[in-house]
Amino acid sequence: MDFPERFANLPEYAFPRLRRLLDGTEPGAAPIAMSIGEPRHPMPAFVGDVLAAHLAEFGQYPANDGTPELLGAISGWLARRYSVDVGTDRIMVLNGTREGLFNAAVALCPETKNGKRPVVLMPNPFYQVYAIAAVTVGADPVFVPATEETGFLPDYESLPAEVLDRTAIAYLCSPGNPQGAVASRDYLARLLALAEKHDFRIFADECYSEIWRLAPPPGLLEVVRETGADPERAVVFHSLSKRSNLPGLRSGFCAAGPQAMKQIRQLRAYAGAPLPQPIQRVSERAWADETHVAENRALYAQKYADAAEVFDGVNSFRLPEGGFFLWLPVEDGEAATLKLWRETGVKVLPGAYLARDVAGENPGQKYIRVALVAPREETRRGLVLLRDCLHR
1 MDFPERFANL PEYAFPRLRR LLDGTEPGAA PIAMSIGEPR HPMPAFVGDV LAAHLAEFGQ
61 YPANDGTPEL LGAISGWLAR RYSVDVGTDR IMVLNGTREG LFNAAVALCP ETKNGKRPVV
121 LMPNPFYQVY AIAAVTVGAD PVFVPATEET GFLPDYESLP AEVLDRTAIA YLCSPGNPQG
181 AVASRDYLAR LLALAEKHDF RIFADECYSE IWRLAPPPGL LEVVRETGAD PERAVVFHSL
241 SKRSNLPGLR SGFCAAGPQA MKQIRQLRAY AGAPLPQPIQ RVSERAWADE THVAENRALY
301 AQKYADAAEV FDGVNSFRLP EGGFFLWLPV EDGEAATLKL WRETGVKVLP GAYLARDVAG
361 ENPGQKYIRV ALVAPREETR RGLVLLRDCL HR
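Under the UniProt record's numbering, the first residue of the sequence shown is numbered 1, with each subsequent residue one higher.
Hints may be right or wrong, so weigh each one.
[As the list claims (entries may be wrong)] The calculated label-pair distances, taken between Cβ atoms and stated as ranges, are:
| id | residue 1 | residue 2 | range |
| --- | --- | --- | --- |
| 1 | Asp165 | Gln259 | 20 to 30 Å |
| 2 | Val358 | Gly59 | 46 to 56 Å |
| 3 | Asn315 | Arg185 | 37 to 47 Å |
Simulated from the structure, these hints should not be mistaken for laboratory data.
Model, not experiment: these values are computed from the prediction.
Here a beta-carbon is modelled for each residue, glycine too, at the ideal position from N, C-alpha and C.
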């Protein structure tokens, strides 16, 4: 069977491209991995005990939308973190938020919008699942630059009315991957007003919300509450991968308005992969505990401080507001990545691999993404090598 035509022109995923770029080039020293955003801080100490206590539940079919206890723990966390009252009927547990970011588009994107092919908006650079979701549902993906000139957030308000009137979904990541920019309350309020005016939903990818430098990033649900916006405009996604250093648990959730959640759950009933029951028990405990989250954030704060010290005097350097990536300007991302690997063994990711060419320009072309996920000393060593290689 042929590959469906609409998928034929998708660009290769970032990490196979990186392997091909570096293939045949020996690292200049012992490799230091700073390309993949896989958290490497210790996972919470309670994980093993909770899992062991519920091993027998692997012998049961798991609750499709989430156990009552887990849904209650998530609802409680949303209340503590954002001062919002989200009932458990408006929450669904996810087998990793990538699943949710994709399947919510399948569940909620209409076949047409105002009699035309729908549009799905996304920042550029972006998390690649946004684009594949748009293509899968037969929508036109529109890549909106998130550059220094726009505060590294997409300026959806600047789009022509004819594009906005076709828009069904607008993806937003805050804190952003890769730039670490945080959408302010005002930005979110204006986006909600735009969504109301042009009748679309906002898919808020808030997976980095608990890794921040100066202040907790606002969330879309709390701005919905503060502004009195229609809750059907907002679908939010959260994960334990970054917050709790549990990327292998594949556990997250989405929350939405009642009608949107009904449609998302209906799709899950037929085509989703529910989270195994013991994993749900671990997740319940993780959402109920903030001590390990604060400890994790403190470790990133140390690495933020180290990065600021290492790059002191490099005029182009800036610290992110949140997340665990540095988005570093260079002359050419691929050339800088190859030079770093060849001379130092530091592996980073060219920014262009996270973005799409639009009108002949790629907003990631002159950047590299550097992940601050390794232990502190290894991270600092990599940053020093990077600075000395590219800036001295």
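Here is how each hint holds up against the structure:
1. In this structure, Asp165 and Gln259 meet the distance hint of 20 to 30 Å, their C-beta atoms being roughly 21 Å apart.
2. Judged by the Cβ atoms, the range 46 to 56 Å given for Val358 and Gly59 holds: they are separated by roughly 51 Å.
3. Remark: the range hint 37 to 47 Å for Asn315 to Arg185 is contradicted by a beta-carbon distance near 30 Å.
Hint 3 from the list above is the single one not met by this structure.
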